[in-house]
Each structure stands twice: as C-alpha cells, then as structure tokens.
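Chains as they are written, first to last, in our numbering: chain A, 74 to 429; chain B, 74 to 429; chain C, 74 to 429.
Hints are computed from structural coordinates only; laboratory data are not their basis. Each hint should be verified, as a subset may be incorrect.
Stated by the list, open to error - A partial selection of chain C residues facing chain B, derived with a Cβ cut-off under 10 Å:
id : residue
1  : S77
2  : A98
3  : P100
4  : L110
5  : D167
6  : K196
7  : A245
8  : E247
9  : N250
10 : I251
11 : F311
12 : N356
Claimed, not checked - Chain C side only, calculated, beta carbon under 10 Å to chain A, not exhaustive:
id : residue
13 : E234
14 : T235
15 : A264
A virtual CB, placed ideally from N, CA and C, is assigned to each residue, including glycine.
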Amino acid sequence: MTVSTKINTGRFFEDFTLNEVIQHATPRTISTGDSALYIALTGSRNPLHCSEPFAQSLGYKTTPVDDLLAFHIAFGKTVPDISVNAVANLGYADVCFTQPVFVGDTLSTSSQVIGLKQNSNGKSGVVYVRSTAVNHRDEPVLSWVRWVMVHKNNVSAPAPETVIPELPGFVAPEHLNIPAYFSAKNFDHEATGGQYFWEDYQAGERIHHVAGMTINHGDHSLATRLYQNNARLHFDDFAMQSSSFGKRLVYGGVPISLCRALSFNGLENALSILAINAGTHANPSFAGDTIYTLTEVLDSWALPNRTDLGALRLRMVGIKNMSPGEITEIKSNGAYHQNVVLDLDYTVAMPRRGSN
Amino acid sequence: MTVSTKINTGRFFEDFTLNEVIQHATPRTISTGDSALYIALTGSRNPLHCSEPFAQSLGYKTTPVDDLLAFHIAFGKTVPDISVNAVANLGYADVCFTQPVFVGDTLSTSSQVIGLKQNSNGKSGVVYVRSTAVNHRDEPVLSWVRWVMVHKNNVSAPAPETVIPELPGFVAPEHLNIPAYFSAKNFDHEATGGQYFWEDYQAGERIHHVAGMTINHGDHSLATRLYQNNARLHFDDFAMQSSSFGKRLVYGGVPISLCRALSFNGLENALSILAINAGTHANPSFAGDTIYTLTEVLDSWALPNRTDLGALRLRMVGIKNMSPGEITEIKSNGAYHQNVVLDLDYTVAMPRRGSN
Amino acid sequence: MTVSTKINTGRFFEDFTLNEVIQHATPRTISTGDSALYIALTGSRNPLHCSEPFAQSLGYKTTPVDDLLAFHIAFGKTVPDISVNAVANLGYADVCFTQPVFVGDTLSTSSQVIGLKQNSNGKSGVVYVRSTAVNHRDEPVLSWVRWVMVHKNNVSAPAPETVIPELPGFVAPEHLNIPAYFSAKNFDHEATGGQYFWEDYQAGERIHHVAGMTINHGDHSLATRLYQNNARLHFDDFAMQSSSFGKRLVYGGVPISLCRALSFNGLENALSILAINAGTHANPSFAGDTIYTLTEVLDSWALPNRTDLGALRLRMVGIKNMSPGEITEIKSNGAYHQNVVLDLDYTVAMPRRGSN
C-alpha cells in the first residue's frame, strides 16, 4: 500500500497571496430542517424566523432564516480553506447582512485575501479575508471580514509585504440594508411579547439577561456539523486531549447564537441583525459551561426614510459560569475578564413606538 | 451604565387575576424539520406521523404532526407568562385534541386564568389556567387546563378570592374529537405492525412495555428548546447547582413523549391521542435516568356513529431506573413510588377488528 | 390487573422459516428535516446531498438524500422483526443502491429469509435475510443481505435444514445502478473542492483521512432514533449496565456514516455510493470514542457506456482512538485490531478527469 497524498491539509500562512480569491466548496440549500434545528439548538423565540404569518405581516414573502444561521452556514464553508490551520480567530468586522435568506436559497461563499502580516517570530502570521456569501441567483446575502492567525508550514518561506486593511469601526447607518418590502407598520408586539420599542432604549443602558444555557457536547457538536464547519478542535476529543486545552473547544459561533437567543428577554423587538460591527472570542468555551449574556446599548440611530423602524447598536457580552450582574469590568487593562467568552458589537432593527 | 429594567421577570402569584386572558408570544409555523426532530428525539414509530401514504389511507390529506409535538409546542409558549416562577407543575386535566395539526400550520396560544388559591403560608399560591392553541385560521387545535404553584413576589399582596375550577375526571366520549374524514376502513395493520385491535384490550389489563430510553442532556435540552419552553431549570446547570436538586431537571414533557414512544410495542394501533384526562409529574427526571413505561387499560368505549374505531382510556405510567414488571404499587398511601415519574390518564383512538 | 401478553418480543431463531417474507412496519416519508439532521449528525459536506443546483447540474431533479441516510432508515425497519434478539450482526453483503431516494419518497422494507444455520451449541443460530426497500411507487430503491446470530428461545426446537446462501464477493460493475439522467458532463469540482478524479486513484493506495469525530451519547441516540431503529442495547443504559459491555453500544451504522463523512477530505469527488460489497462491525463503539478512518483503493472500474464517470471499489476502515497512520495491520491471523470498528468494502461513482 502506498500512502496517498490526496489529503487536503489546508493552507498555511505562506499559501495565502494578497488579493487572491478563494471559492469555497459545498454550496448549501437551506431547508426547513435547518431552521428547526436552529431553534432546537438555541431556543430562539424570535417570531420573525418561526412564524410565517408574522413574517408576512412585516412584508416578507415567508419567514427568513435566522441571520446567524445563515452566517454560520456561510462561515463554515470558509474553514477548510482559511482557518483549518489557524492558531486563533482574532476578530470579525464589517459583517453586513445584505439581504434575507429564505428556505430554498443555496448559499456559496468565496473569500478574498485583503491583508497579510507575518508575526515577528517568523512562525505564523495574520491573514485578513473578506468573505462573501451569495445565493443561487448570485446575489450577495452577507459579507464579512475576519482575521486569523495561521501557522507557517515552511518557516523559511519569505514574509509577504505587510498589508493591514482599513476596517470601519462600525457599519454606518447609511450602509445598513433593510429590504424595501420590510415594513413595521403592521408590527404586532404580542407576537414577540416585547413592550419596549426603539425609542425606549438609550445609549448607556445595560441589560442583564436572566437566562443561562449550559452547553452540552451533543449541542455544540450538532450545531457545528450542521454548519459544515469541520475544524478538528471542536470534534476530535482524542486529539484534543494532548492539546493545551486538554479537551474539545466549542465553536465560537455557538456562544454567539446562544447569547442572541438568551438576550430575547429584554430585546424582544430586536427583530433582525443588520450588521456585526466587531466581534472577539475573548475566552474559549467548553462543554459544561453555562453561558449568560448582558447587552449594553451603544447607540441609537434613526434610519433614512424610515418612520417605522430604528436601529440600535448593541454590545452583546457572553459570560460563562457567572451571573451577568456580578461582572463589573468586562475588560480591564486591555484584558478580558476570564469569564467573558464573547464581545460582539452589532446592530439590530427595531420597530419604533407608534409605527403602527 | 444604567441597569435596565426591561427584563420580563414573569408573573408572580399576585399578578394573576381571575378570568384575565393572556396572549402568549411566539406564534410558530410547524415544519417537517420539527417532525423529523421529534422522531429523532423520541424514536416514535407511529406511521400516522411519518408516512404520507399511510395517513392518506386513513383519510388525512397528509401526515398530521404528532399530537404530543403539537402539545409541547403549544405548551412551551405559556411558560414565560405562566410558569417561569412556578415552584411546581401540579397537574393537567381536560386536554382536548380538537383537530389535527399539519406542517404549515401556525400555532398561537392564549391562556385564561380560571382559578386561584393562595396557600396557607401566604408565600405562594395555585394558579389554574385553561390554555387554548389555535392555528393560523384561528381554529382551536388543542386546549388544556393546568395548575401550577407560583411564588408570590410581594408576600403582603392580599390573597385573591379562592376559586377552584370544576374539572372533569376525564373527557367524556361524546366530547372526543375525531375528524370527519378520518376513517379506519382502509387501515393496514402491517404499517403499524400491530396485531391487536380495539376489541382486544380490556379494562384491568396491564402492559409492561419492554423498551427503556436513557435521557441524555443533549436530548432533553434539544427537545425543550425545540418547544421554545424557556424554563431556566431545564437549561442552566450553573444556577441549578445551588438548587435543592443540584442539577438541571428534565422538562416533564420529555418523559411524556418517551413513554408514548416506548409504549408503541404493545399499543401499535393506538393511532392518535384524543384527550389527556389527567396528568401528574410524580417525581422529577434527570439526565442519565432511563425511562420505562407501563400501561393500564382503564376503559374501553365504542364511539358514537363509528364502526371503524373505538376509544381506549389508558393509564401510562413512566418509571425511571426500574423495570415496569418490578413495580407493584404505583402509589401507596397517596404517595407515588419514588421511581414513578409520570402518571398520565389519556384516551386514544384505535381501529376496530374487522373495520376494514 | 392482568399482565398483558401483547408485547412483541421479537423473533427467535426457531421463528424464522426459509423463504418466508416479512413485511416490516412503519413506512417512512423522507423529509428535508431528515436530511438536515443527517448533516448535523455526520458533518457530511457532499454537495450532491445538500445543494439543489449542484444536484441539478448532474441531471437530478433535486438533491437525492444521502445514500446512507436511506440505508439506515430502510434498515431500521427490519430491527424489530429480525435482530431485536440478535447476539451479533455478523455481516452485510450485496448492498445495491438501485435508485436515488428523494424527499417525499416513502420507504417500506421487507425481508426474505434466505439462509439458516443452527449453531453447534444448539442455543442460537445464524439467520440470513435479503431485505428490500421500496418507495411509494413500489420501485426498489435499495436491497441488501445481512446475517445475524439470533438466540433460540426454545432450545429444544428442532434445527432447521442448514442453508447458506451464495453471496457475491462484490457487486459486479455491470450490476451497478446509475440513473440514466445522471451525467458528470457539467460536474463542477469547485463545489466539492476535490482536485482528484477517477483516473487519479490507483488500487493499492491508502488514504489516511485526518479528521476524527468523537461520538457523544446525544449524537448516536438521536441518529439511531431518527432511523427508527429500536434495538434496546443502543438506548437503555440501565439494562446495559448489567450486560457484559456495562454500557450502551453505539449502532454500527453510526460509524459507517461518520467514516463516510470523515473520508470526504481525500475522496471529495466520490459522489455517490453504488454498492456496499461487504461489511463487518469489527469491534463495538461506545460514546466517548473518537472515530477515524482510512481508505484503501481496492479496484478501479470503467463503467459500461460511460465516459463521464468511473467506479472505485474502496475499503473504508473505521478506527477508534488511534490515528489511521499508526495502524499497520488491520487484521492479523484473522482477528481485527482491537481499535478497528468497521471494515467496509464499497463502490462509489466518481467523475472522470476531463469528463466535462
């Protein structure tokens, strides 16, 4: 027997070239099965994603799939090409939800290398990519920038020219995409159970969401496989036993989705995510951890030509094994509190009081 | 930062008013994903809910979703408003399955307070509600009464007038709803694998179902989130560690569904649930418990104008970590055996011998 | 109370008669929920089963469901009648995938007893069955032979005449079924991410797939229930504690599916399974085991009248808790290495280089 060389070992730092475009494999047609699983995995209670009549009352032809389900599926496709040899996911920025995704849409993702910076140790480097997911009509549905630290395989490979992309601090209100057909004129707050509208949230307000969710191995494994994210460190306990963690890590998208679902109580009318301005996985999560969340209201924007909806810029902080009310300093001296797992700056659409 | 007061902490005993109607949030459109998950979570083998041709042979346009899936989804909506501060779910009664639920139907639930009784300790009370789930055509699909013990938040709040609703001991045969189109004339018992028909079951018969199902954390968490039931004690292990249980409790609907699925062997032709006459969660279940079940035949009723189907009133007893054949006294001196988790009195439709 | 005798205890060795045909219960309509769950349970990234446009580019009307999902669902139906009293699943042979299964198809399975051999101890025997799954148009979609060792209930029952069926060593290329409409003329290898085509694989090549997947209790329980396989030893931890294993066994189909999914990296263009020539569960798997896989290329066949596709006969070996590169002797002196869980000889269709 000859040992095959057909295994794709993934790209190392020296395999990325500035401006190259990588088409990722595994186009995926979204189904109602995906949406049902997403509810079962997160406990999401947002009626926009589970009630056809409610979605239709807002002008949608039917329920759009959860913004984060679309994100995780689109993201998962990039893993084999971008981050399978990553040391760390350093951050996200400029995540734009361009248009809703519906059951029956087929998502494909490509990524362009927009920045490269070799580390001073010469053993790894940071790769910046802009990834874009399109539907089967080749219309963009979402795009994002992320940067990851990737090992070099050949440490003697020359360092590329350092290029660090300029990234916006947040997606500006005028760049937010809201479908023209989406209207909150007929918004029924009994469907969300939320009594608070856009005008009721003020910058400087912090919401301590009460619910917590313990992550089971079954949960995060199912979720990460559903997203076709094949990063080994989430699945291979045998190999991870000899890692510095000693066990499997939870995919960082799992706490993002849990925090979004847990923050429903207090943000019931935050109907859809328009952008993720910035995101950091502050500390890893493991099975057995209980995730809590707090939200800080960062800003509140009226939207151009919109009297029915406004936007809120929110900071969603994921915390493990500690009540959100007990945490005072999320970050001090530039370092995250050890129980903080997620720091996500995002923007939501919310109906205005008296919109209807 | 100002700490927000927008969190919905749920109703306490003094927040319920006799006769008030509460519209619950989160309408839900049922999908094939929900049904697939229900099979994966329970192992149900009832062909009425998984075979279109079989369902059509009985007059249905397509497969109705499992009666208990519809129940759990409808029920889950009531939790944030009714039982999030409950000390205990004391019981169910008069659960009527009014008409089948199909994929594409959107369920909404409302509850009316039909009884109130403050406990003598002045710290809690019992709330009785009748909840009704309707589909998107506003037709009732199922209704039930339950009563829960709920904490008072303000112990000095005055006690309401005591009103205890009169509840039927069981749903009378003439109140059972069977769709007019449902006919067992073409019933094919090879599809269920069941050799026994309505005439073969006699009051006084006890069936020791052989199969057992161990509850995994992943299973009950997925199920309870699928039902959008957000009661914290099922999910938040960190908080539950300091409860008297020391760990998460399994949602009581999980053993109900497991017992129904486990009782398929012995009740293969119990095609659909017409009513739940009474139900008690006798003891809590935890992950790691193995659930078994036994059935006692309580009564057997011919149905008005029906030669194809009869009804059986059954008692389904859920038992943990003990073979059903070993239990002799389910209840003695008014107290349940410590291994009994469920005592459910329900009514099923079953084809009559020679119906076809 | 009278204890009922209505429980189906399953067939024992003496209950099988040569040539009898057993119609299994629980016809099942396949849904998109099943396919979504299959992805979540296995991490499969094969675009044929998750992308409608990709499937359509190959001539399919829509995505066929995963071959192994169809197999497990069809197989599960046989368990209550064939193997519920089995001591061991001894092997599979001549598994033919006759035509694709689509969402909406309803599968039913029947089995014919094609061989019987009582063991010399007189306490058990081997039963050979050919099982055939048909869709709702009564067209065969898949058939297989398996043989199981089954206990006798009545050890004094006479031994049947010994009949051992002749089974092909492999499904001959001329017996492989490829739909007439399936064409790789427009095959897009960017959708699979695979750079290697039929011509690139040579007999004698061994592929050490890098990924590993740890089996969680939640995973295998969900999968096995999804397949409506009710064999107690997969689910009932309480009973299994007093078995020789001391715990639940994982259904053998779970490692089959995991190995198929894990072998995607290295076999990206192995689009569909045409046959399983032989299969053995070499050792049991348990929750907590991490499954790895290696593939040996056994043979390479051009297909009659096909310039777009060829067939590869592969040996897929499932290994637990050991890197595939570390295993040298899969079997020595007729005994499997203790870490080998699966030895599966199967045939796939793969596009030819320059097919398009």
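Each hint, compared with the structure:
1. S77: The hint holds - S77 (chain C) has a Cβ within 10 Å of chain B, the shortest such distance being about 4 Å.
2. A98: At 3 Å from the nearest chain B Cβ, A98 (chain C) passes the 10 Å test, so the hint holds.
3. P100: 4 Å, holds
4. L110: 6 Å, holds
5. D167: 25 Å, violated
6. K196: Given a least distance of 21 Å, the restraint on K196 (chain C) is violated.
7. A245: 34 Å, violated
8. E247: 34 Å, violated
9. N250: 24 Å, violated
10. I251: 28 Å, violated
11. F311: 4 Å, holds
12. N356: 22 Å, violated
13. E234: Violated - the Cβ of E234 (chain C) stays beyond 10 Å from chain A, reaching only about 43 Å at its closest.
14. T235: 38 Å, violated
15. A264: The hint holds - A264 (chain C) has a Cβ within 10 Å of chain A, the shortest such distance being about 6 Å.
Hints 5, 6, 7, 8, 9, 10, 12, 13, 14 from the list above are not met by this structure, while the remaining hints are.
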